[in-house]
Amino acid sequence: MQFSSLISFHLLVLQCLCYLCLVQSHDFLFFVQMWPGAYCDTKRTCCYPAAGKPTDFTIHGLWPVFNNVTFPEDCNPNSHYNETKISDLISEMQKTWPNFNCGKKSTTTKFWTHEWTKHGTCALPVLDQHGYFAAALSIKDKVNILQILKNAGIQPDGKLYKLDDIKEAIKAGTGYIPVIECNTNASGNIQLYQVYLCVDAAGSDLIECPVTLKRACNTSIEFPII
Numbered sequence: 001m002q003f004s005s006l007i008s009f010h011l012l013v014l015q016c017l018c019y020l021c022l023v024q025s026h027d028f029l030f031f032v033q034m035w036p037g038a039y040c041d042t043k044r045t046c047c048y049p050a051a052g053k054p055t056d057f058t059i060h061g062l063w064p065v066f067n068n069v070t071f072p073e074d075c076n077p078n079s080h081y082n083e084t085k086i087s088d089l090i091s092e093m094q095k096t097w098p099n100f101n102c103g104k105k106s107t108t109t110k111f112w113t114h115e116w117t118k119h120g121t122c123a124l125p126v127l128d129q130h131g132y133f134a135a136a137l138s139i140k141d142k143v144n145i146l147q148i149l150k151n152a153g154i155q156p157d158g159k160l161y162k163l164d165d166i167k168e169a170i171k172a173g174t175g176y177i178p179v180i181e182c183n184t185n186a187s188g189n190i191q192l193y194q195v196y197l198c199v200d201a202a203g204s205d206l207i208e209c210p211v212t213l214k215r216a217c218n219t220s221i222e223f224p225i226i
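1 is the number of the first residue of the sequence shown in the UniProt record's numbering; add one for each residue after it.
Be a bit skeptical, because a hint or two may be false.
Mimicking SDA-like on lysine to any residue, the simulated pairs with C-alpha atoms at most 20 Å apart in a straight line are [said to hold, decoys possible]: (1) K118 <-> H130; (2) K167 <-> S187; (3) K162 <-> R215; (4) K110 <-> N82; (5) K214 <-> I177; (6) K171 <-> R215; (7) K95 <-> I139; (8) K214 <-> I180; (9) K118 <-> K162; (10) K162 <-> T184; (11) K142 <-> D56; (12) K110 <-> V126; (13) K171 <-> H130; (14) K118 <-> S106; (15) K142 <-> V32.
Here are the in silico distance ranges between beta carbons for each label pair [unchecked claim]: (16) E208 <-> N76: 36 to 42 Å; (17) T55 <-> A186: 34 to 40 Å; (18) I90 <-> K118: 17 to 23 Å; (19) T212 <-> T184: 21 to 27 Å; (20) K110 <-> G153: 22 to 28 Å; (21) V69 <-> N218: 20 to 26 Å; (22) T70 <-> D157: 36 to 42 Å; (23) N144 <-> A51: 17 to 23 Å; (24) L160 <-> G103: 29 to 35 Å; (25) D74 <-> L213: 19 to 25 Å; (26) T42 <-> K162: 36 to 42 Å; (27) A186 <-> K85: 27 to 33 Å; (28) I90 <-> T184: 30 to 36 Å.
Simulated from the structure, these hints should not be mistaken for laboratory data.
None of these values were measured; they are calculated from a predicted model.
Each residue gets a CB set at the ideal place from its N, CA and C atoms; glycine is no exception.
Hey, can you work out the whole structure from these sequences and the hints?
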C-alpha cells in the first residue's frame with residue numbers, strides 16, 4: 001500500500017471511530033422530576049418563580065446515562081446554550097422547568113444553561129438543543145406523576161406513605177418501575193424528593209430501566225405540602 005493510500009486509510013478509520021463515539025453518546029436517559037415542597041422544605045434557600053408557587057412536580061433534568069451507571073458530563077464545550085434555538089419552548093419551560101434557587105445570579109436561564117452544558121451536550125448528536133428540551137417537555141406532558149399518586153390515594157399532605165406503595169402507584173400509572181430519591185428536611189424527616197423514569201436514547205419513549213440506580217430512602221416517607 002502506497003504511503004498516501006495508507007494515510008487516507010488511517011484517516012478514514014479515525015473518522016469512523018469518531019463517528020461511532022458520537023453515535024454512542026449514551027445508552028438511555030433518566031427523566032428526573034422534582035417535588036418542590038421537598039426541595040424547598042430544607043435548610044437551603046428557596047425562591048419561587050415569578051409565575052408563582054408551583055402545584056406540581058417540576059422538571060429537574062433529562063440526563064444521559066451509560067449502562068454501567070455512569071453519567072457523562074460536559075461533553076461538548078463548543079455547544080453553548082442558545083435561547084434563540086428554543087424560543088418556542090420557553091413559555092412551557094417557565095411553567096414546568098423553573099428555578100427555585102435564590103440570588104441575583106441564580107436565574108432560570110442559568111439553570112437551563114447548566115442542564116444543557118452538563119447533560120444536554122452529552123445527548124448530541126442524537127438530540128440537538130431544541131430536541132433535548134422538547135423531549136423533556138414531551139415526557140412531562142405524558143407523565144403526570146402527581147395525578148398518578150393522587151389516584152392511588154397518595155397526597156402531598158405532609159403524611160407518611162410507604163415507599164413501596166409510591167413505587168407501585170407510579171408503575172401502575174406509567175407501566176414502568178421508577179427510582180425514588182428522598183431528602184431530609186430541617187426537622188430530620190425523610191421526604192419524597194425526586195422521581196426518576198428511564199427513557200430511550202432518542203428521548204421519545206419511556207422504557208424499563210436497564211440498570212438499577214440506588215437512591216437512599218426510608219421504607220416510609222413524607223409527602224410534604226408545598
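Hint check results:
1. K118 <-> H130: At roughly 16 Å apart (the allowed maximum being 20 Å), H130 and K118 satisfy the hint.
2. K167 <-> S187: Distance of about 25 Å is beyond 20 Å: violated.
3. K162 <-> R215: holds (15 Å)
4. K110 <-> N82: holds (11 Å)
5. K214 <-> I177: This hinted pair holds, its Cα atoms lying about 13 Å apart.
6. K171 <-> R215: holds (17 Å)
7. K95 <-> I139: holds (14 Å)
8. K214 <-> I180: Distance ~9 Å between K214 and I180 Cα, so the pair holds.
9. K118 <-> K162: With a Cα-Cα distance of about 34 Å, the restraint between K118 and K162 is violated, given a limit of 20 Å.
10. K162 <-> T184: Judged against 20 Å, a Cα distance of about 16 Å means the pair holds.
11. K142 <-> D56: holds (14 Å)
12. K110 <-> V126: violated (23 Å)
13. K171 <-> H130: Measuring from Cα to Cα gives roughly 29 Å; hence the hint is violated.
14. K118 <-> S106: Holds. K118 to S106 sits at ~16 Å (cutoff 20 Å).
15. K142 <-> V32: holds (14 Å)
16. E208 <-> N76: 36 to 42 Å: The hinted range 36 to 42 Å is violated for E208 and N76, with Cβ atoms some 29 Å apart.
17. T55 <-> A186: 34 to 40 Å: For T55 and A186 the Cβ distance comes to about 22 Å; the hint is violated.
18. I90 <-> K118: 17 to 23 Å: holds (20 Å)
19. T212 <-> T184: 21 to 27 Å: holds (23 Å)
20. K110 <-> G153: 22 to 28 Å: Since K110 and G153 have Cβ atoms about 38 Å apart, the given range 22 to 28 Å is violated.
21. V69 <-> N218: 20 to 26 Å: Since the Cβ atoms of V69 and N218 sit about 23 Å apart, the hinted range of 20 to 26 Å holds.
22. T70 <-> D157: 36 to 42 Å: Holds: the Cβ-Cβ distance is about 37 Å, inside 36 to 42 Å.
23. N144 <-> A51: 17 to 23 Å: holds (19 Å)
24. L160 <-> G103: 29 to 35 Å: With Cβ atoms ~33 Å apart, the hint holds.
25. D74 <-> L213: 19 to 25 Å: holds (21 Å)
26. T42 <-> K162: 36 to 42 Å: Violated - the Cβ-Cβ distance for T42 and K162, about 22 Å, lies outside 36 to 42 Å.
27. A186 <-> K85: 27 to 33 Å: For A186 and K85 the Cβ distance comes to about 40 Å; the hint is violated.
28. I90 <-> T184: 30 to 36 Å: At 34 Å between Cβs, range holds.
Violation of the numbered hints given earlier is confined to hints 2, 9, 12, 13, 16, 17, 20, 26, 27; the remaining hints are satisfied by the structure.
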